[in-house]
Each structure stands twice: as C-alpha cells, then as structure tokens.
Amino acid sequence: MTKLEKKELMWGLFFTFPWLLGLIIFTAYPIIMSLYYSFTDYNIVQEPLWIGLDNYRRLIRLDPIFWKSLGNTFYMLCLGLPLSLIAGLLLALLLNTNVKGMAIHRTIFYLPSILPEVATAILWVWLFNPYYGLVNVILSWFGIQGPGWLADPAWAKPAIILMGLWGVGGGMIIYLASLQDVPKELYEAAELDGARGWQKMVNITLPMISPVIFFNLIMGIIGTFQFSVQTFVATGGGPAYSTMFYGLYLYYNAFQWWKMGYASAMAWILFLITLALTILVFKTSARWVYYHSESR
Amino acid sequence: MKEGEKEEALDILCAVLERGMMRSKDLYQKLIRRCSKMSKKFLTVILLLTFIASMFSVTTAYAKVKITYWTGWGGSELEDLKKIIDEGFNKKRTDIEVETVTIFGAYEKLLTAIAGGTVPDVVSAVWDSQLASLAARDALTPLDSYIKKDKIRSSDFWPRLWQSFQYDGKVYALAATTNCNFTAFNVDMVQAAGLNPKTPPKNTKELYIWAEKLTKFDDRGNIQILGYRPSGISLWGRLFGGKLYDEKNKKVTANDPKVVAAMEYLLSYNKFLDPTKYTAFTSALGNYWSPENPFFAGKMAMQDYGEWIVQFGKKYNPKLKYDIFPYVTPSGTRNSTQFGGSMFCIPTGSKNKDAAWEFIKWLTSPEPMKKLAIIFTNMPPRIAVAKDPEVLNAIPVLKLTIPLMEKGNAFTSVSMPVWEQYLTELGAAESMVINGQKKPKEALDEVTLRMQQELDTFFSRQKR
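Top line first, the protein sequences correspond to chains A and B.
For the first sequence, this note's numbering assigns the number 296 to the last residue and increments by one with no breaks.
For the second sequence, this note's numbering assigns the number 464 to the last residue and increments by one with no breaks.
The set of hints was computed from the structure by calculation and includes no laboratory data.
Keep in mind that the hints are not guaranteed to be accurate.
[To be verified] Covered stretches of chain B, going by a simulated chain A footprint (3 or more residues, C-beta under 8 Å):
id	region
1	277-286
2	415-423
3	429-438
[What the hints assert, rightly or not] If you only want the chain A side, here are some residues facing chain B, beta carbon under 10 Å, derived:
id	residue
4	E8
5	W67
6	F128
7	G133
8	W149
9	P153
10	G236
11	G237
12	Y241
13	F255
Because the structure is a prediction, the values reported are computed rather than measured.
Backbone N, C-alpha and C define an ideal beta-carbon position, used for all residues, glycine too.
Isolated chain A (complex conformation) (with noise of 0.2 Å):
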C-alpha cells in the first residue's frame, strides 16, 4: 500500500465510521447474538441457558404451529407472491401507455405502498367486513354472497393476499422505471419483422426486464418470510391458525410467551430457509434473466 492509499483508506474510514459503528451495534451485534440465544432457553428477564439445539429439535420434532405457520408462508409464497408479480407487471405495463394525465395515475396506484401497514391493515378489516364491507357489498350487486374473509378459515388467507395486492405500487415502480429503459430501436426492428403486441412482448419486453423480475422476485420472497403486520393486526393469527404466518408465530414466541431463545432459533431456520430459495433463484436466474451488458 503506498502512503496515498493509505492516506485515503484511514479517510475512508473516518468518514464512513458513524455508519460502521452504527452497522455494528445495531445490526451485527444483534444478529450475533440471535445466534448465540437460538441455543439457550433465553426469557429476556433470567440469564440464558445453554441447551445446544433443543430449540431447533423442538421445532422441527414437535411443534405442529410452527410446521403451519410454514405452510401458510409457502401457501403465499406461491400464490401470493406470483400474483403480487404479475400485477405489479400488468398495473405498470398499462402506466407505461401514453394516456392522458398519467402522473396523476401512477401517483395514484403507488399511494398504497407508502402508507403505514398498520393503517392500512384497519382499512381492508373493514373492507372485508363480511355485511357492510365494501367487497361484499360490491360482489351483492353481481348477487354473489361474498364469503366471510378475515373470519373464516377457509378464506382468511386469500383475502391476505388481497390485501397485498394493493400494496403492488412499490414494485409497479420500479417495473416502470425499467421499461422505460428498453430501447425504442428494438421494438422498432421488431415491427419491421412484422411482430405483433404480444410477440414483441414476449421476445423483447420481458427479456429486457428480467432483472427486475428477478429483483422483485428476490424481495418478495424476503418480504414474504418476514410477513407479519397485517395479519397482527387484522386477525392476530386466527381463525384456528389460519393465518399465523412465520414472522407472526416469531413475534408470539419471542414477545407474548417469553421464548426468545426459541424464537431466535425461528429466525436463523427463517434465515437458512431465505438464504436456499435466495440461492436457488440465482442459480436459475441464468436461464432467464438477461442484462444489457451481456452480448444479445
């Protein structure tokens, strides 16, 4: 290292040591010692104690909540996420039309992602109320008799979804950023070829997209795991488990039953789990993502 560099790097490090010290005591310190706790029976009032991986063994062998709260997560992993995808995708492929006042349009459908989840998680319980809520009146005039969403098992969980349905704004934009990024100059070549709206769409839109599919797929699946607001608030949990995602079960463990040892080993499985689908989509993610970098 010449004296230049190091001059440069102690500078570095000077400036960028708020944010170091603030990354290492709020964030590596916490995530260390979740590790640590995952292997004690730890109730934040007495000391922990060590009990090496009977909080994993537990989980896994003999606690049926947790295998349902799991497969409500995948349940809208693989519904809910996909479905949040595609209309993101269509909401910001109409936005990305030359209408008349779209500013106003785009502002519009990206207000619900920026308003608080709690707020909003109160709303859609009213929406959904089974006689008054404005779902069910809606499906009346159609003389459908709307079931009882938030209130019955068999339901709870699409209305979830449906609620995060209207919360697709934030990825919606970021959509809309990269589709304006692809290049006019292809779809006018593809035109001359004679491609079609949905052609032109397939060989060019998408492709050209892809990486921001593949972002937003990467982040929902994150987002998806951690789901647990809404649910709080609007049914807690229930009716019988129906709802108790993952993150909600978590926060029961660790805030209501004075497990947070158990509830750190939910987090670091939470983690392992995240960080294999994470893997598994990267893996893939060669066969279908494409970058502009890459020679087409």
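Since the structure of chain A is provided, determine the placement of chain B on it from the hints.
Using the frame of chain A, we list chain B on its own:
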C-alpha cells in the same frame, strides 16, 4: 426591631427551610416586606441565613425519593387516577413523589424495560393472566415481608382474589381494582320473545333455550339479532366443573372430560348458529368500547359484562332496560363469575422497593380504593370497601357480584407460568372445533400434549 417581628421572620425562615426553595416564592416576598422594617444588621444576618437555609432546602427537596409508576390506564381514567395520586399521596408525603406514566396500548414496553434493565418502580399494567409468568421468571419482587411488616390482612380481601396475587405460595401483587363478570340481557327483547325477565337462565340448558329464542334471522337466513353464543373454553370448561391445570402434580388437564363436555356444549350452538354466519355477524359488529356497542345498539339480546355496564348504560343508551344474571353451570346449583384486572407489582430491578411498597400500600388502602371504585365502576378488592353503602349506591350491580365473590364459583387466570400460551392454544382449539376442523376431544388432547411439553420444559429449566 421588636421581639414579635424577629419571631415572625424566624418563622418564615423555618417555613422556607421546611418546604424547600421552589415553593416559597410568596414567603420570600413576605420576608422582604418584613425586612424593610428591620435593622440593617439583622437584615444581613437574616438574608445570609436564608441563603444557607435555601441551600439546605434544595438538598432536602432532592432527598424526596422519586418513584416511577407505569399504569395501563389511559384517557380520562388516567387523569382521574393522577388526581387521586397527587392529592392523596404526593401532596401528603414529604419523602416520596410518584410520577405516573401510562403505557396504555403499548404494554410490551414492560418487557423491553425488563430486558433493558430500566424498569419502573411500580407497575400495574400487569394483568392477572401475566402475573404467574412474570413471577415464575423472577421478574417480580415478592411482597410477603412487606405485607407482614405492615400487617396487611389477607382476610380483608376477597379470598379468591388474594389467591390470584400469589404464585407458588408467595404474594407478588396487590390490586386496587378488580372486575367481576356476568351476563346482561335486554329486558324488552326478552319480553318480546315470550320469556320472563324475572327468571333468567339458571343452568346451561335454559341458557341455550334463551339464546335460541332471542336470535333473529332475516329472510336470507343472516343473523339480525344475536341471542347469545357462549365462548371461551377456559371459562366454560371450569363452569362445567372441569379443571385446566393440576397445580400440585404440575399436569395440564385440558382434556378433562368435563372440559370436553363444555366444548361439546359450545359446539352445540352450531345447531342454530351456522359458524360462518355467526362470524360474519360478529365481525360486522361495532366496537365494544364505543356507542356502537352491540348490546346497547340492540344487535345482541345478551352479552357478557362486568361492573362497567353501569357506565356503558349511562353513556351509550340510557333508555335501554337491562338486567343481569350470573354465569350458569350445567346443574344450576352454583352461581359463578369470572374476575380479573390489573395487578400492582414491584419489578425485580426497581431501585426504590421500599418507596414502591409505600405507594402500593397506600393505593390499595380503603380510602383511595373507594375513590377508584366509584370513578372506574369497579369491584373493590377489599370486602369492607365493596360493602360500603356509598360504593354500593354508585355501583348497583355489586349487589349481584358480591355474593359471587363470597360464595359462588369465582374463576380467574390459572396460576401457571405458561398460561398466556395455554390461553392462545385453547382459543385456537375452540375455533377449530366450532369451524368443524377438529372434534372437541381431539383438539383438547392436542392442547394438553403440547402444553404439557411446554410446562415440563419450563420447570426442568427453572432448576438452573
């Protein structure tokens, strides 16, 4: 300078000494007025003395122990509580000052405070359902030595309530208020259904008949007015004579045949109340703590309440005629109630335990308890206060609940360290049974198995 003047000046000086500098502005002015008549020499001496005195009084003012009290009450109740504490305690005690802080709606704060080691000195945002969990994990200070020292007599309190202050033989809390629950019914609706409001249900069979007769459907089969639907297996299991926990042998007994029978009873309401229609109806109801309260808005013919029904009636619908009856059992031989409320405890990490106890002792003494009962419409935990004519006059429903606390079956939280999780599991089991996903016995067997594991694990690790 005359002798009298000197004396007066000294008196004022003493008052300054006693009350501290902050509150003695008017005294200073008086002093200065007096001093203008005095000799220069004496004036200098007096001023010097005053200065020294105020230095002392500053230190004595600081010597007043400040304790923090976290309460679960909020809104107008909080204001009333603060007034009672300020007038009855803070102004009268020269040694202790209580600062009341509300954690209304953010009760998890207590947990974070314990984790961070920054606990309040007194907390009453601890419910009866949490007391055993906290005590079993050494988060609370046992009060036995204080109780002995200050001769607090357990026989002054309702016997079942005193039991609920305890975990494993030690007392961890006292209560300033409590609530007894019962069922209320709408007199006009009962009469319209051809039932006699003078003879409310005495057993579970009669309750079922009333519930069915009082339930009204519209032409599409949706519930218009709900008669009644009993819920909460933790209560009903015990009303049926079942036991949820064998404390002596540390055995979870959720599948006690009598608890199973209670679950069958709760399920039997499905005969006229389709669970989907029922949940659709209840989730459409207004907030209990609001003018849309379903009972006072005429959407329910019967509903469970505590003493606060008196306030609700006055506030939400003074015209509605209601009457009340105790919880029923299958045989109808014993009237029952469920009670509970907030517990006044001293967290383990409190730095001023003696002062904290002084405050709890005062707030649970007859006078403040009486004031609290009347303002909050509660059942006073002390027997003598509950029977005070002034209290009885203000809260007429006590005439029903007092005998229940005295002679009836009075149920509260089960004193076990995993009770909160047990309650959640029981609730989920009940919901699965009502929705037809599981049979009563099957669901309760599963809860028993799971909670026994939880409990065994807890006790085996408590020997740390």
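Verification of the hints:
For a cut-off of 8 Å, the count of residues in the region 277-286 of chain B with a CB near a CB of chain A stands at 6, and the three-residue condition holds. Judged by the Cβ-Cβ criterion of 8 Å, the region 415-423 of chain B is covered by chain A as claimed, because 3 of its residues qualify and three suffice. With a cut-off of 8 Å between beta carbons, the region 429-438 of chain B has 4 residues touching chain A; three or more are needed, and the interface restraint holds. At its closest, the beta carbon of E8 (chain A) sits 40 Å from a beta carbon of chain B; the interface hint therefore is violated under the 10 Å criterion.
The closest approach between the C-beta of W67 (chain A) and any C-beta of chain B is roughly 13 Å, which is over the 10 Å cut-off, so the hint fails. The beta carbon of F128 (chain A) is positioned within 10 Å of a beta carbon in chain B (closest approach about 8 Å), and the interface hint is therefore held. For G133 (chain A), the interface hint holds, since its Cβ comes within 10 Å of a Cβ in chain B; the closest pair sits about 8 Å apart. At a threshold of 10 Å, the smallest CB-CB gap from W149 (chain A) to chain B is about 8 Å, leaving the interface hint in force.
Interface hint at P153 (chain A): satisfied, since its Cβ lies 5 Å from the closest Cβ of chain B, which is below the 10 Å cut-off. Restraint check, G236 (chain A) versus chain B: the minimum CB separation of about 9 Å is within 10 Å; hint holds. At about 8 Å, the closest approach between the beta carbon of G237 (chain A) and any beta carbon in chain B falls short of 10 Å, and the interface hint on this residue holds. A least Cβ separation of about 5 Å between Y241 (chain A) and chain B falls short of the 10 Å threshold, and the interface hint therefore holds.
Hint on F255 (chain A) holds. Least Cβ distance to chain B is approximately 6 Å, under the 10 Å limit.
In summary, the structure is inconsistent with hints 4, 5 from the numbered list given earlier, while agreeing with the others.
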